[in-house]
Amino acid sequence: MSNNLIVEREKGLVELERRIAELREASAAQPLDMSAEIAGLEERYQAILRELFGSLSPWEKVHMARHPARPTSLDYISRFDRFDELHGDRHYRDDPSIVGGFAFLRSRAVMVIGQQRGRDTRENLRRNFGMPAPEGYRKTSRLARLASRLQLPVVTFVDTKGADPGISSEEHAQSEAIAVCLQTFATARVPIVAAIIGEGGSGGALALAIADHVLMLEHSTYSVASPEGCAAILWSDASKAEEAAARLKLTADDLRRFGVVDEIIVEPLGGAHRNAQDVVTRTLDAVDRSVARLSSLSPEELLDERYEKYRRLGEWQAQSLQPAGTAQ
Amino acid sequence: MSNNLIVEREKGLVELERRIAELREASAAQPLDMSAEIAGLEERYQAILRELFGSLSPWEKVHMARHPARPTSLDYISRFDRFDELHGDRHYRDDPSIVGGFAFLRSRAVMVIGQQRGRDTRENLRRNFGMPAPEGYRKTSRLARLASRLQLPVVTFVDTKGADPGISSEEHAQSEAIAVCLQTFATARVPIVAAIIGEGGSGGALALAIADHVLMLEHSTYSVASPEGCAAILWSDASKAEEAAARLKLTADDLRRFGVVDEIIVEPLGGAHRNAQDVVTRTLDAVDRSVARLSSLSPEELLDERYEKYRRLGEWQAQSLQPAGTAQ
Amino acid sequence: MMREWLPSRRARETPRNDAALWVKCPKCGEVLYRRDLAASLFVCTRCSYHFRMSAYDRIASIVDGDFTEIASEVLPSDPLQWSDKKSYQTKLKSDAENSGLSESVVCGFATIGRFPVALGVMDFHFRGGTMGRVTGERITRLFEEARRRKVPCIIFAASGGARMEEGMLALMQMAKTTAAVARFMEDGNFFLVVLTDPTTGGVAASFAFQADVIVAESKAMIGFAGRRVIEQTIRQRLPDQFQTAEFLLEKGAIDMVVDRRELKEKLVRLLEYAVREPVSP
Amino acid sequence: MMREWLPSRRARETPRNDAALWVKCPKCGEVLYRRDLAASLFVCTRCSYHFRMSAYDRIASIVDGDFTEIASEVLPSDPLQWSDKKSYQTKLKSDAENSGLSESVVCGFATIGRFPVALGVMDFHFRGGTMGRVTGERITRLFEEARRRKVPCIIFAASGGARMEEGMLALMQMAKTTAAVARFMEDGNFFLVVLTDPTTGGVAASFAFQADVIVAESKAMIGFAGRRVIEQTIRQRLPDQFQTAEFLLEKGAIDMVVDRRELKEKLVRLLEYAVREPVSP
Ligand SMILES: [Zn+2]
Ligand SMILES: [Zn+2]
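Residue numbers (our numbering), protein chains in the order written: chain A, 2 to 329; chain B, 2 to 329; chain C, 2 to 282; chain D, 2 to 282.
Don't read these hints as lab results, they were simulated from the structure.
A hint or two may mislead.
Claimed, not checked - Stretch-level coverage of chain C by chain B, calculated; a stretch enters the list once three of its residues show a Cβ under 8 Å from a Cβ in chain B:
# : stretch
1 : 54-60
2 : 156-165
What the hints assert, rightly or not - Here are a few chain A residues that face chain C, going by a calculated C-beta distance under 10 Å:
# : residue
3 : 52
4 : 236
5 : 308
None of the values given here were measured: they were computed from a predicted structure.
For each residue, glycine too, the CB sits at the ideal point set by N, CA and C.
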């Protein structure tokens, strides 16, 4: 049994999908008209999909964001018109949990940087489950500085449980690595567009997400801490993660309302992996539009707008920042 | 037996020094006038000193530069009016072979950075015999950048056989660390004064010595490679180090003539360690004078002059650069 | 704020939850008379254990005299309408009562060794020093005002990280403070941080590690991930030394470790290098 | 320089000291026909071993057509009047005869994929690619002129380090080239380096590792200290992989490892990101 709620739910669907496919095949091979039967099954299938995925709770979205088949950074990056990967922090190591390099997005040269989890166990081990070490954040800072030097817009893909919490990461000053990354993004003299495509976990995610325009997939999550971590910290009980997920306001809708996210990319019913092709295309379109718009600004305008954006975020007075749906 | 030529030579002197001291003591305790005898011995002592140390060959200077009692960076730094050490490369490690921090030199705030070998075996092990690892050069770059930000002049003390040639130094990109150090010094917007106080070995020494004014102690050496290394590379025979020392033009006089060094600090007969107090004082005076002069320049003037200085150094045409003494 | 602010504020002494006259040192077990402990800046006179210090005690121990607080009118609210066992509002109120603070940081201007400085002091007694919107807002205003005044900024960090109960709005304070710090530093101003026990998570990973000079108090626990999280991840106990100030010094992450009793003198020395023009008394 | 420069210069092919028609691959032992080897850019057709390449062969393999050399009138002299078994002058002469070069670097301007670039190519066949005064002077002039023209600069590094026979004047070229690179880059110009076998010492530790993007050829030996020096220091044999391009990639020191046969295409791709405006043909 998978520990992913969504994967579990999908298991029933597989049987239905198989039956529809079989009927279609039979129908094509026989003179018998089975179109009514097929249509009936398909209607039922769609109804089940709507029932299962039509309205996802925050906790369900957490599982959707972690779905093993959900498109990862490389699924987006490979759909750029071209990608030339750059490696290393120039000091200590190349961290495979961060992938970055030059790319063309529609005929526009950009620097793209993404957090990359594995798409199977082996890759997950190699990529440390998408949790960057300090070397990964230092690679990120280096590439962002290079982009700033060469006047290339920066595009980032955020998909991490969080920064790596291991011993050597502490020994190599994880705090410093993230802090410098934040400072680099805050001061880069080029447009920055970030897309939260999966799990956006804590400061380790934010390190790649200080941006002039932040996109977020409908079922992605972006959170001050993982629900499990939050529950452990506040209630010493990780099993209360579902409750934490609900309280943390980590959904795209909530964050759009708070102004943390600027634009939401709608996902197909059942999640991005059910039509990855389409989701990636629309995401890249949205990134492209933002980069195009931001490219008309001077570096000074960009920096001023970026400063003001984050300056206003979470301003203390604004009662209007409260999510409309939860107002009492 | 010491493997240091100078230390060996000093052994005979010790006996003479002891006898003079004994006579002095005896003379004070007795009514007998021994002043003539004492004067005679002292004259002899001075004569021997002149004979032993009056004119040092390049190879002898190599040994003088490595003399275990020769004042080290900390012997200079401790004579600043104040010193507050700063540590670490902020990434990986604090390298004890580089000592740096804020200091007051005569009432002027500066950033001081020096290569520090050990003054005994234990300290030598801790300080890696004064051979900096990449972390040491990264600490140096960090402090130089900080000085540039705070508009503090930079004072460096150079005393190293060379950069550490170990496995982990290669793994941590020693080349990159030195290259960045050079670039940082080339572009620092504050006066830089470097003093070659002991052995100036290769790129690992130069990393702290791109400066607006370079001082060199009379018996220090500053060389493209250690004589042993040079002999090993060119002749696969490290025992020809003495010959290499002569050829390499590594003495203060040679380098002053080439324009690599701007000013020579004269040492007492027998070397700096015979009157460290005086040598340190005169060195700090000279550093102070240079810093004072350079402080009147704007950052742009400083950078232009520094650029031109190194631009001209080793210019290909200039026959006049040939040491006068060796012209044929 | 008037000169009298100090004695009145100082009436509340660390550790606050212990109303007794005697305090037991958690490290050496020595029983210390509260007034002696305060006189030694909350450092155990026997083993030098550094008790966690309240913000106003800290300020009093560092500034020359007056301290002009800013942004004290910026007060926390409850953007997520958070409630678990208690509501977030209730937690804020009870922390305010226990700590005498309205948020996890106190910001203002003062002189230290006659140097005018911007001073921000975090307090672990308020929500574990976590950074909420108001923490971020106050720190941001401090850097913005310090930039206008062209004075150095000193922050005493003490934090469990970003505050859960304000969700992403808390995390965004990392971005906001970072941007303010960057502008402040780009103008050539001096930023010094003192890491006190404990400094972790979103505070460590934003403004704290962006400082020009990073000082840490003896034995302070400093890191990104919490000790428990790491132990759970690697499934083994960490050495005691791990994530201490002394450990970080060896690892090159910080500039120096200082005993609290020598801290003010050290800060003044450091200011003398960076500023070089103390005001006349 | 005229269009005809290439065929005449290319007559001299690597490896130069072997006049025979056949060359044996030092890695796999395959006997290769010299013309085939040249056609495959001096990469063994069987095992992909990359032979060291001469500067003009390299240039021919990279540029679109013409190459306008600069600073070829800057010629080495003998500042230290060096002489050991042979005089330095004699060594220079014999290296010049064997390599067809007047110094260890050839600098000039060309187009690569229609991008105008400054191009500096070091050659290990001249004094082991060591950096003397003229090497430094030529590279410095290249960066200065590239800065004036606002074109990217590409350097192919191959070096045993600073040249002993010119003493400290050789070492000072690290400072000189660094200063020129810094000025060039401060103006926002793009600097790319290709590390070829071997790149060590003073060249690795100055301009080579200052580049925006660092490419290395497959299996190239790259490091600061020479392998022998390290082995003598640690008194043990190093693993074969140590200091190879692939090793450095894993250690995060370089951006990518490229097979020589794909190098030109890769360089053009990289220029397209950094420059974005190739000239019309
Ligand atoms: Zn105690
Ligand atoms: Zn072969």
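Those earlier numbered hints the structure runs against, lowest number first:
Hint check: 1, 2, 3 fail, others pass.
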